[in-house]
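Novice: Sequence:
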Amino acid sequence: MRIPVDWKSLYPDFPNLKTSSTFHPTSRATPYEIKNPCPYNCVAHALEVKDGYYWPQEDAKWFDGIARDGSLGSIAEAFAKQGYAQCKSGDLERGKQKIAIYMGVDGPTHVARQLASGDWTSKIGVNIDARHSLRDLSGLLYGKASIFMARKRMKRRRTK
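If you count by this note's numbering, then the sequence shown holds residues 1 to 160, one letter each, in order.
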């Protein structure tokens, strides 16, 4: 099923979208129609997997041996197991793939992945994949991109 999206409806949660020149939907649907529901979340999107809702809580997929306590530590540890290490910033670095962990007042809220272009990509809610800047998603809902991690950028295999 496809549902129309009114981008202005996102403004209360993401006020920086009002002036953004970088926010673009990237779902396979047309820019104004987004597939719903999509069976994955921001952590899965950052890990480039599309097979589930990953979050350190009891009713979600998570990684063996890592606490399901919803903490920054558990999210950072999960990404460390995937080869990421904490770094200083979200600035583009040649040969590095980065993630940004957004922090709200109560802890981690969201994870975004940096593209080779320097733009960022995220799964927003249940039905929006988007390309954006870090600032675009800053606000009351997600807080601010506060923790950055990097690993060597993996080369994509070309399929015939």
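These are computed hints drawn from the structure, not numbers from a lab.
All of these numbers come straight from a predicted model, not from anything done at the bench.
Don't take each hint at face value.
[Said to hold, decoys possible] Result set (DSSO-like, lysine-lysine): computed pairs, CA atoms no more than 30 angstroms apart in a straight line:
{"id": "1", "residue 1": "Lys50", "residue 2": "Lys96"}
{"id": "2", "residue 1": "Lys144", "residue 2": "Lys81"}
{"id": "3", "residue 1": "Lys50", "residue 2": "Lys88"}
{"id": "4", "residue 1": "Lys81", "residue 2": "Lys152"}
{"id": "5", "residue 1": "Lys88", "residue 2": "Lys155"}
{"id": "6", "residue 1": "Lys50", "residue 2": "Lys61"}
{"id": "7", "residue 1": "Lys81", "residue 2": "Lys50"}
{"id": "8", "residue 1": "Lys152", "residue 2": "Lys50"}
{"id": "9", "residue 1": "Lys152", "residue 2": "Lys61"}
{"id": "10", "residue 1": "Lys152", "residue 2": "Lys96"}
{"id": "11", "residue 1": "Lys155", "residue 2": "Lys50"}
{"id": "12", "residue 1": "Lys144", "residue 2": "Lys96"}
{"id": "13", "residue 1": "Lys61", "residue 2": "Lys88"}
{"id": "14", "residue 1": "Lys96", "residue 2": "Lys81"}
{"id": "15", "residue 1": "Lys144", "residue 2": "Lys88"}
Novice: Would the hint linking Lys144 and Lys96 be met if the CA-CA limit is 30 angstroms?
Specialist: Answer holds: Lys144 to Lys96 is near 21 angstroms, not above 30 angstroms.
Novice: Within a Cα-Cα threshold of 30 angstroms, do Lys88 and Lys155 meet the stated pairing?
Specialist: 23 angstroms, holds
Novice: Please verify whether Lys50 and Lys61 have alpha carbons no more than 30 angstroms apart.
Specialist: Holds. Lys50 to Lys61 sits at ~12 angstroms (cutoff 30 angstroms).
Novice: Starting from Lys144, check that the Cα of Lys88 is at most 30 angstroms away, please.
Specialist: 15 angstroms, holds
Novice: Between Lys152 and Lys61, does the CA-CA distance stay at or below 30 angstroms?
Specialist: Satisfied, since the Cα-Cα distance of roughly 25 angstroms is no more than 30 angstroms.
Novice: Would you mind confirming whether the straight-line C-alpha gap from Lys152 to Lys50 stays at or under 30 angstroms?
Specialist: 21 angstroms, holds
Novice: Taking 30 angstroms as the top limit, are the C-alpha atoms of Lys152 and Lys96 close enough?
Specialist: Answer holds: Lys152 to Lys96 is near 5 angstroms, not above 30 angstroms.
Novice: Is the Cα-Cα distance between Lys81 and Lys50 30 angstroms or less?
Specialist: 18 angstroms, holds
Novice: Given the proposed pairing of Lys96 with Lys81, does the C-alpha separation stay at or below 30 angstroms?
Specialist: Measuring from Cα to Cα gives roughly 16 angstroms; hence the hint holds.
Novice: Against the 30 angstroms threshold, does the CA-CA distance of Lys50 and Lys96 hold or violate the hint?
Specialist: Holds - the C-alpha atoms of Lys96 and Lys50 are around 22 angstroms apart, at most 30 angstroms.
Novice: Check whether the Cα positions of Lys81 and Lys152 lie no farther apart than 30 angstroms.
Specialist: 13 angstroms, holds
Novice: Has the given pair, Lys50 with Lys88, been kept, meaning a C-alpha gap of at most 30 angstroms?
Specialist: 28 angstroms, holds
Of the numbered hints stated above, none is contradicted by the structure.
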